[in-house]
Structure formats: structure tokens, C-alpha cells
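Using the hints, position chain E against chain Y.
Those protein sequence lines, which keep their order, are chains Y and E.
Counting along the first sequence from 1, when you hit position 312 you're at 478 in our numbering, and nothing is skipped either side.
Counting along the second sequence from 1, when you hit position 261 you're at 427 in our numbering, and nothing is skipped either side.
Since the hints were made in silico from the structure, they are not lab data.
All values derive from a computational prediction rather than experimental measurement.
There's no promise every hint is true.
One copy or two, it doesn't matter: identical chains are merged, so the pair holds either way.
What the hints assert, rightly or not - The calculated lysine-lysine pairs, modelled on DSS-like cross-linking and capped at a C-alpha distance of 30 Å, are: (1) K328 with K446; (2) K418 with K168; (3) K231 with K169; (4) K261 with K422.
Protein chains: 2
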Amino acid sequence: MKKPEHGGDVWRYGKAYEILDFSSNGNPLGPPVLLKDALKEALERDIYCFYPDPTYLELKQAISKYLSVAEDKIGVFNGAIEALYLLFRVLNGKKVLLTPPSFTEFWYVANMENLPIEEVPLIEDHDCFKLNEQRLLEHLGGKDLIAILCNPNNPTGTLIRKNLIEEAVGMIRDGFLVVDESFMEFSHENHSSINLIEDHPNLIIVKSLTKIFSASGLRLGVVIASSDIVHKFEALSPTWRVNSLTAFAFSKLLRKTDAVREYLMNSRRFIDLERRRMIKKLRKIGLRPYNSSVNFILVNLCERANSRELKEVLVRQYNMLIRDASTFKGLSENYIRIGLKRPEQNDMLIKALNEVLNPC
Amino acid sequence: MKKPEHGGDVWRYGKAYEILDFSSNGNPLGPPVLLKDALKEALERDIYCFYPDPTYLELKQAISKYLSVAEDKIGVFNGAIEALYLLFRVLNGKKVLLTPPSFTEFWYVANMENLPIEEVPLIEDHDCFKLNEQRLLEHLGGKDLIAILCNPNNPTGTLIRKNLIEEAVGMIRDGFLVVDESFMEFSHENHSSINLIEDHPNLIIVKSLTKIFSASGLRLGVVIASSDIVHKFEALSPTWRVNSLTAFAFSKLLRKTDAVREYLMNSRRFIDLERRRMIKKLRKIGLRPYNSSVNFILVNLCERANSRELKEVLVRQYNMLIRDASTFKGLSENYIRIGLKRPEQNDMLIKALNEVLNPC
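Just chain Y, same shape as in the assembly (with noise of 0.2 Å):
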């Protein structure tokens, strides 16, 4: 079985780091300044020559003061992957729901353990694409499902309507609904489902937290369901799953309630106009983005592009990598996903995509 192709695949073109990377959807703001210092400090302390606490305390009572839920919901994993790597193993599902296009590693996990899927496929309207309610709903009420929702959804960038989620855990009867949030942080509307675990316990929100502070490397990811769930998803993942330095950080950065706060406020706010800007850009140059909620842009390319080609031309003559959105399941070669960054290297890859696709 073939690994899923991901955006951030700098690697491949041997120019890590240098390349400018649209393909992967961190923060364009960089890290906080609070993480970088921890980082520093736990250095300075010799923190990676210790084994992590391998209950993750003081990491889980940072995460509960930051995302308002009690310590025994909180389970914490090596990337919010790896959460989804366990999840069959730990709900024992028949079949699992999916809605494609959306995170190709849902398709991998469920093949992983051999379930059957069953897909509804969004509805792509003329500028956006959207759940198909009705249909998802109907479904939910079968024997041993697990659906799979992600709110931002990853690649499109939409929100789920607020009281779908609600809805849709009531129609379950002996399954589960597991919502990824990775991406809930950068929208300005809060559509988050955390509230709903305590009434819920077939309701699992999993996250990655370091997406939205820039720092993906860290791999830092949680799984928010009741604390029996949490228990057997901590029972089958290894012992000191995060590391040190990754621990240390995150349990003094998340502390600082206000600077995240105010951090979290910037973020958002410069990427709702940074993108409402791109969108027109990518207007003008001929091409189709769709409506987002969060710091990257599903494009049709309205056939005057390859995807796959596309992205090799941009990588090599401009040294500039784009998501493929072809390796979505559902997309065809006709999309790409841009990672928003800083404007005046936002514009560069307008640039560069109006020289490709409109040559004079």
C-alpha cells in the first residue's frame, strides 16, 4: 500500500526549506514568539535528554486551559495522524462514511484495516463546494459506522454548517462521528464541536495543534472524545508518543492564554483579507478559486492546466511548489491547492501562474 501524496513535499525537489512551499498549510505568520522561546529554553535545559512524562500532564492541563475541555477528554498523539492511524482499532467499525474530496489519509487508514467505504460526495457549486446534508444524514443511521467529517475541510477550505454536527450525532445509532478540526483555528467562525463531547461519547474531534502555530515539524496532535475513548486510543499508541521538546513547548506556550489569544486574533484577521485578496487575484488571471474559510484556496484551473504539469513547471522554473489537488479523491487533474504566505509572496505566485497559463 502507497502513502497518500501530501502538500510540503519540498523534500522531493532536494531544495527543502528554500523552496517557496504553497503546497502545505501552516500559518504565513511563522511561529509565535512565545514557542520559539520555549523551544530555546528547553534546549538550554537539556529537556530532549529526558524522557517525556509519559502521562502528559502538564501538556494535557495546558490543552484543557486552551481548548476549554477537562484533562480526562484529552488524549495527545504524535500528530493528529496518528490518531487517525488508530482510530479503526479503537472504535472497531464496519464500514466507514467519507465525503470526498477530503484528507487523503482517511482513505488510506480505512484500506489500512480493510473496511468498505461508502462516500457522499460534496456538491460542487459554481463557487464553492458544500456537504451533501440530506444524503449524509441518511446514511448515519446504519449499523457500525464510522463517518469521517473535516470541519474546515481540507482540501476545499469550507466551514460545515454549525448544527450539522449536532444533527448528524443524533442520527448515529450504534456508530460514531469523528471530526477532524485541524483547520478550525484559522476561520474567524468558531464552528468547533468540543462543546457537544460531554453529551456525545459517539462524537471524537480530532486536531492537530500545530498546524495553526506554524509548526508542523513539532507534531503535536489531540484526540477530544469522552475520557473512556481517550483511554483506549492512548492504550494502543507508544509510550512518550510525543516528544520532549515538543511536550516542554506546547505546555508553556498554551499557559499564555491572552499573547495566544491575541497571536490566534492576528492570524485570522490577516489571513481573511490576505485571502479575500488572492481570490480576486486568482479571478483576474483567468482562473476559478473557491470560497474558504481558512488559509488555503482550492483553484480549478478551468482546463487551461495539467495540475500535475503545472505544478512541475512552477517548481522548476520558479522554484515554487503547489499542491496537486489531483491526489484528492474525487478532484480531477483540473485543481490545485495554494497554502496562503506572506502577500508579496503570494503575489509572486500570481506572477508566476499568469506568465504560465496566460503566456503573451
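What follows is chain E alone, placed relative to chain Y:
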């Protein structure tokens, strides 16, 4: 299922990093300067903001150089323990052979998959623990068996006879032999079986790369096996499993062959001298330390104390943590394990042990 207890549980006592920790077993010399420099460089270059290369090409090249194994026979993991958690799913065995006392997680992972465990206990000779080689070899002919050996063994510190692994692999019909070599670098004698991998597709080496470099918090383990088996391990393990800082730092460190060789030689020389010195001192205060080849010593308390109580007294009254070895399968409450530290620290432990066990 409750996770096994481990050394290094300084966190439980609320004074992490400040306790004198004899319970874990890293390198008493501390990390090589090169490693710390590489981590500093990684921070300065914001490497943690980037996803690691999911193929870990550079890291594998560096490990290949360090261990003299072809890159395609190396899998990298979030600590050796991640590989152990995947073991039975990859190898698809039906029963497990273990030699107590040994690393407690072997039992945990076998129980996790509900596999029956056969045991061939080590034989306690007056100053060492030995494999029962004949009984071990007799068991290996069975069907679908996965035998796990630890070489040198934790917690006894003993090496397995050089030719035994090759004989054992030869006896296996359709099962696998897994050898955990996480402590091999601590020993003056190199009994590694890595060179047998080429000719024996049913041999798998699992190994921590962080213990010897005093960097347990960075979580890096490897599997060395046929490329087919390595691929299966990696397919079941989450993408980006080794974090960016670890991947960067170890890619740098392991390429500096001369400096690493010198660090290893100094470490082994120091450990060898200090272990001999400590064994004499432990005997002098009326305890029975077992011969060890590595950086830790299993000690028989000769019924002068209960291991759990002794641990509590030392941590409360002396701020020193030892490993209560009664949590190892096959050992009674008459055993502790001591990880060597610097001579003056080790002397403090001897003094404390003497005060507690031999009050005047």
C-alpha cells in the same frame, strides 16, 4: 489495559529534571556536543516549522553510514517502542516467545494483540542471568512463532552469546526472531546481529538510537530487516512520525563518523570503569549486583529491603530515583535496577543506600 511502569518516572514525583535519576538508563556522559549544536542550528533555521521529509531520505542515509546497513533495510520510527507496537501486525505471528525478565513492553504489545505467550525464563546464576539456550532453541521450531530477545538484555545487562542468534534464526521455520539491540552501543563487546540481516529474512533488529546519545526525549528508533518487512512497518506507521528537529539533528550527528566513534569509545570506557567500581561498592554494602555489559546494574537486595519501599524512601528522603525492578516479569520485590551516572552522583547513591539499609 494499564501501560507498563518504566524508569525515568521523575514526573510522578513533581520534581522532574531536579531529581537524581538512576531509574532511567541513558548515557551518563550526556549528549555529544554535535547533537546539541545540530539542535541549536535547527531552531535558528526554524526547521520545526516544516514537516519532515516523509521518506526520511537524509536521515536514513546517515543511519546507513552509522550502522553500515543499506538504506532500504532501515525503517525509522518514533522511538524503538513504536516499532514494537507494530510488530505483531506486521509479522502476523500467532504466538510469542519471551525470556523473562526482559523489557516489559514486550508483554504489553503481545497482550494488546491477544497473543499467547510462551516463556523461557533466564537462569539466575549467582552473579549473572543467562539465557536457557537449549530450551530456547527447542521452542523455535514451532509454527507462526515470534521470539523476542533483548541484547544486551534489560534489566539484567547481559549480552547474548555471539553465535546464538544465528543458530536461533536457523531453527525458525516460518516465524520470526526479533532482537532488541537498544543497549548494544553501551557494551565494549559488539554482539550485534545487524550483519545477519542480509542472509536471514526472518530476523528483525529493533533499536533505539537515542539512549546512547543521551537524547531519549527526541524519540528515534529503527527497524533493520529485509526491505519488504521494513516497508510493511512503515506502511502501518503514521506519516511524518519522526519529528523535524530529531530528523535534522540525527542526520547531522550520524554523518560525523569520527566524532561519533570517539564519543562512543569514551562512553564505553567510562561506563566500563564506573560499572566495575559500582559493583564493588554495592557488594561492600551487602547487596548482590549482577554482572552487566552496559550502563545499568540489576541488584539483588538480598531480602534486606522491599524494592518498592526502598524506591519510595530514596525519592522522599534523598531526592534520588531508582528503578523498582519488581515490575519486570519474573523478578520478585527483591530487585532494583540502577542506571549509572557520574562518579560523584553514584557515590551519593551508595551513601544513601548504605544509610537506609545499614543504619547503625
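Give me the numbers of the hints this structure contradicts, sorted from smallest to largest.
-> As far as the earlier hints go, only 4 is violated by this structure.
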